[in-house]
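*Asks:* Combine both chains into one complex, guided by the hints.
Chains as they are written, first to last, in the numbering used here: chain A, 2 to 226; chain B, 645 to 1335.
Quick caveat, the hints were computed from the structure, so don't treat them as lab data.
Owing to the predicted nature of the structure, the values given are computational and were not obtained by experimental measurement.
Accuracy of the hints is not assured; some may be wrong.
Facing chain A, a subset of chain B residues (Cβ under 8 Å, in silico) [unchecked claim]:
{"#": "1", "residue": "V1094"}
{"#": "2", "residue": "F1096"}
{"#": "3", "residue": "P1169"}
{"#": "4", "residue": "P1215"}
Derived DMTMM-like pairs (lysine to aspartate or glutamate); straight-line CA-CA distance at most 25 Å [to be verified]:
{"#": "5", "chain 1": "B", "residue 1": "K1221", "chain 2": "B", "residue 2": "E1119"}
{"#": "6", "chain 1": "B", "residue 1": "K1080", "chain 2": "A", "residue 2": "D27"}
{"#": "7", "chain 1": "B", "residue 1": "K803", "chain 2": "B", "residue 2": "E855"}
{"#": "8", "chain 1": "B", "residue 1": "K1120", "chain 2": "A", "residue 2": "D132"}
We put the CB at the ideal spot given by N, CA and C, even for glycine.
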Amino acid sequence: MPDLNILLTLAGIVLSLMVFSYLLGDNLFFGIAMYILVGVSAGYAALILINRVIIPMLIMPLTSLPQLPAVLAFVPAILSILLLWNLFRKTSKLAGIPLGFLVGILAAVSVAGISRGTLAPQLLGVVNAFDPQAVVRDGQPNWNAIFEAFMMLLGVIAVLLFFHHRKKGKNVVQSPEPWVDGFSGVGQVFIGITFGAIFAGLFGTALTALIGSINRIIDFVRLWL
Amino acid sequence: MSEQADQLRVCPHCGQENALFSLKCIRCGEVLEDLFLFDDLDADEQDPAAESFSEVLAALNESSLLDDETEAATLLSGGELENLENGVDDSGGLTDRPEVPDWLEWVRERSREEDASGEMAKGGQAMDERRSAEGSSQVDRAFDEIIQRIREQSEKERKKARRVNTDLVDENGDPEWLRRIRELHPQGDQDTKQVLTGSQDSSFEDEWTEEELQELLRREIGDEFNQPASPNVEEEYFPAEDDEQSKKRSDLETDHEVPFDFHNIPDDDLDEFPLNNPNRLNNPGPPEDADSTPVENQEYLEGALIGEPDEEEPAFEIERPASEPAAPEQVKGEENEEESSQAEGKQPGDELTEQEDQKSSETDETKEAVAQQADEEKHADEPAEDGLKNPAIDETIPDLLLLRNQRDRAQVLTNIIGQEGRRSIPVLHENTRQGKLGRLILALLLLAGVIFSLVIGPGQDLDLPVSLPAIAMQEKSEQMQPGEVVLVVLDYQAATSSEIEPLVIPVLEDLRQRGVSLRYVTSQPVDLWLGEGLFDSERSEPTIEIEFIPGGNLGYLALAAGSSPNWGATPIEQAVKDGTTLMDETNQVLLVSDSPEFVRNWLEQVSPWHPDVPTFAVSIALSEALLLPYFESGQLSGFVAGHPGGVGQSEHASQRAWQAGTLIMIVVLILGMITKIETDAAEKGEGIRHA
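So here's chain B without its partners, still in its complex pose (with noise of 0.2 Å):
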């Protein structure tokens, strides 16, 4: 029953108990708290993160895990210290537990129930043990980047609320605070440029943001405040300086060139996180009387400002690794910090004066922002001035860890999410209408060219010219010997039959009529019927049987390689009849391939074992420009490859037909690449009136 109750919720608005994961009131439909409410991701695009944040920021500020108390939990051992959390000490009784905010409770209590097993805690454990050994470096970067997200989404709020509330914007647009700064310099347009190249990256927005406008303050009043009056200016206010105090106050000087942790955290993160982050401990703190003197304040922060004198130094976000302690110079720094502070609040610069007189209303948030983080360092700064960390922050880094992975899963969820029903693998290429179009059109222009070919009826003789490959292979079958074998190598398929058998059969007739004994072989089981094509014809001799060699090239490189052992013969062997012999009773090669590839296979594997025999090889016209460097070094004797250049001619009609696709295709290109061209070139011109 108990159980039950625990897992209702209270609707705050009403008082009716809900469930426990009800997103709204089922009696009067207030919206109960989000369950991913802490992870920042609100369905009705509004950002909860200020809000919430701040409330979370302000509940840990006030939670008794910040306090001294718990440091003596971190110094436990983990058994010890998941007791205590658990409420019960080793004597089994209960121990006070601390007051956990309800959020927290709510976070731990959710992670127990995901991780039964509790791998996380045991996580948590050896994380905080790892944390304690590496100076809990890890750790402490991460809770950076939480810190910077939140500072960074509180900037956008910022952005935005400042983009609906600035109304004073003359005719070009500029507000009055940026005509108020182009007053301060006759010149301003180029130095503000400088300063918007030099601080910003290229997703600069077109609005100066607070930092941006303290950037070009700092520039304006540098040039002039970093130049004395007169030299004398320095004795003038420091009139009499003894050695010690001399040092001491180029010490503070030094100190204001490079702050440690100045950042850009507007006035609202300030309010929104007062924690003694580490970070901050070395921030250079106001004096203790700022609520009093906010004017020093003020002039507090635009000495860490201005006293940089290097312009080019990077002004924002100067930090120190978090889990590096405060040396104690750096410590003895940030005590100096606050009498420079006071003594630069003493530099006059009526320029000065008068120019603080105009900045408006930036100016008091940030003084306003200075005084509370004065309050919220001078709560906290006990326990940082010795260089240590906060015990209650290392306990709350894992919950703010924990925050953070589920707001991950939320993200992941979310985009799974709105990746429904989007296709997940990109397309190369969309087909588009006119794509499919065109390309129908094109397919029926050469068809209807193709068929309109063939059916005029027969056509002229052709003299076509035979290429020098095919020269050289005629040459080579008129010198062969009655006698003399050549091994017809076969390697092609059924959609290429029609290109190759009309320039292989002659071949083959020839060599026949010669008296040549041809002997068949292939690696490709079509073939087998295939080959039957080539001398199935009146002309051919009775059948001739083609043998299968199983293993494909390498089936022919064992055959030219190999050798027969002594105990018998290898399987490759009995494929064929001569066994290994195949290639040394041979006089000549003749591949017939559709492939350029098994060609240059046969060159490199299984002609450098026999170079004595001549490879010719008839192909298709793909092979052509594939084949020749092979022709040219020799290792080729001749070839034929395609329609146009082979030595048997098929009909007339079909050549007619061939040479009406090619002209087809010829034009067709030819009005392609105008048409790209001419694509190009508006787009060319479209680029070049867009810039």
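With the rest of the complex left out, here is chain A (with noise of 0.2 Å):
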């Protein structure tokens, strides 16, 4: 069992390895390295899914036919056979029925989703951040509740007239005001904070992962040396 440890470990520094060579620009390791682990992931997800759900979700019940499960269950293969008709005829329009199931099925969840789970949450967020009680502490004012309630709302201002204002291909909308481009600027430096934050917690993350790396590729030659 320790050689099989051992052998695994030496693989995936092997793996690593050929990643790494990508620093030399696209090359063959690089490539065989892709296509190991798109196909080992892809192969294990089939496996899966024919013994977690299709076997038990859509075989299983069409074999206690005539009982309603499994008539219900003719339903999801008649769509995923449809589904996989495309696969043989591209042109075939049959592929678009669970498709546009599935699409408009999604597009639903998420239309409804957003406005209930994020835009009225945020939204009241904001408003929350006024709250008397948040604002005043022991009969003096919050200085710094109240900083931040102000800020949250000259970002959600200025991050929305920005959008508006922002450059449409080669219209430009013009605000009748000139202090509406003012916010509009103060809503680029939210935007732009924001993904400076983003782009910081990329390369956290990214470096954390090449730290992790190179940590096991030393820990294994120190133990051989």
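*Replies:* Printed below as a string of structure tokens:
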């Protein structure tokens, strides 16, 4: 068993080095590593789906005909066949039926979820920032909370104005008042800060993965030294 | 045999018979008529447009198609016309086929070959019917476009010829005619600029055209000429006018204010296109004795120019739609224009005479052009005076459209050939060698820093600040009671497992020690074996099954919002043990995800169905900025995101390597910003220098 661990660790190191070779450009080793990753992931996912979804949820109910669950199981079975049919007949419009079904459901769920799960709570969060109980503490104004609330309100308004007055192709929406452009610039600053934070987080994540891989390689080398 | 003979082409030089599509004679090598000769496409860059079009148009003028005899043909039905074109009448006999130029016959033959099914012929018939129905506006417009193109090409030819022939240039580069114009007006520079900007667009070439010169002359003369020397000048030249004559003369002047179709066709264009263009029917024609009185013709032309009182009025190309038949008033105006031209020829102006004498070559060319135009219109004005168009033109227009169609095809073919070997999809970023080298240096620098930090040994204890959401999560975890259920939702990939697992393992261990029951679910197949790393260590309890929920977010939504039907359980309910009661029995949800999108979808789709169940998250550093608003709004009770804010700290060496890597990246970013500022400043300075 320890031999197997060493073997797996060695394979991991080799694959990591193959991925690192991308620093020298897109080469054969990087391609091999990518194909291995994609192939193994897809194969594993296919096996899981066959064992845990297709057989128990789609095929097994069909064996219990004429019970109602078996009849209902025909619905996803037919939709699946229509979807698979597109693999053989690219121009077939039958695949549009299950795809339309899926897209329609996803769009409806997304619209409802965004409005109920993001828009309303976020706007409510801005309003709640001005809650008297939050901005007043022990009868004294809580300047930190007040400043934070106003900054939040300023950020929301400025970013909305920025997106309203941004360039749309070659057309720039001209604002009737100059102060609107000023607010739009403030919104651009807020957006820049947000993207900067996201970039920092992305870099931190990548750096952590890099450190983990290098750390494993160093530990492996130390083990043999 | 006869067909083969028809397909042979005789060399005009040596008489050798060649194949139909031969470009050169097989005996003498003489260049035969090119396939695209009519399409104005020449391989050796010599523009044959002027000569070929002049020949074409001369052939059109001489063709019997343009005679009145063909008017009857247009009145025939489509089938009869087709039979007539084929040389067969209804009785089956051959008719006298009108003499058609070789090129026209050749084009028609080509169209028949390319369109054997006759769709084009049907289209032509349909087009004729439509033209007759709609007043033939569309085809006339196309005809005008072709004529306009011919004019533009001839104008370019003339410019080139003038540029070559003009050597009368002073030390400032000003031609002689410009100096003469400047002598006419002392403050001519400013006025010249006005004329240039007012009459030309941005693509104006640095040379005066005939029209601009005439425009300038009109301005020069018009300012003085429109102001009579004395109030009685009019009476002086029209001494004994009665009211009727005065009204007639005022009508003439009104007609001259806006000439219907004064265009800038140069003189050689007039040579090339002597047809009775419907547009030209409305031109202010010269008097019939134009040949004998060239001075009057010249004055006539200038009268059309000078007669415009408004300088801002466009001086050129005031054309009436070709499809409009000439109104009787306009025809009358044309007749009157001849009289008015004679009348205006009597208008004196000694200044005008002097200035006319100063205009040398350009005006002479104009005189010849007007004289030729007068001759041409003399031959063609009989059917035009009635306001009717010549039917020969109607028959010729489809051929011209066919020519245009062939020209477009040839142009497309040329473009395709020109694109051969070129990149069809533009590349957004060209990877230059310098960019690759810089990227490699940056990566090696980062690698060296990280490796050095890891190799030099264990580091010191770091007291990193814990973020506010992490504190909130820790507080909530401490409040959990034994027996409560925490639903752990796994949704991360192998690439981020090295960041997430060190964060989530201490949290889960703490919950286990409190006696909290953990339940693992996932919708990612890869997490079925990745999740084993969470309780695979020596500290963990016996292995717990990870339940797979198909459908991703929709599967979670079905379990959270769905209800069990009376007839049994849906397949999605059979995927988990408790079916739709999964969320009902849960006291807390812990999302372990490397995707902020997944957390957001959970908060949007699933959490609203169970608002009493607090939701926590363990994610990567990328998600921190995106999850913070949900924490501020109370939708997320707490979260841990990324290495520095984690509750469970990893090894000190990794922490130091993380700091070293971050420091290197900060330095690189600062250097990059400085370099960018310098580059922008240099480009700005360069732009100012250019300006």
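*Asks:* If any of the earlier hints don't hold here, list their numbers in rising order.
*Replies:* 2 and 5
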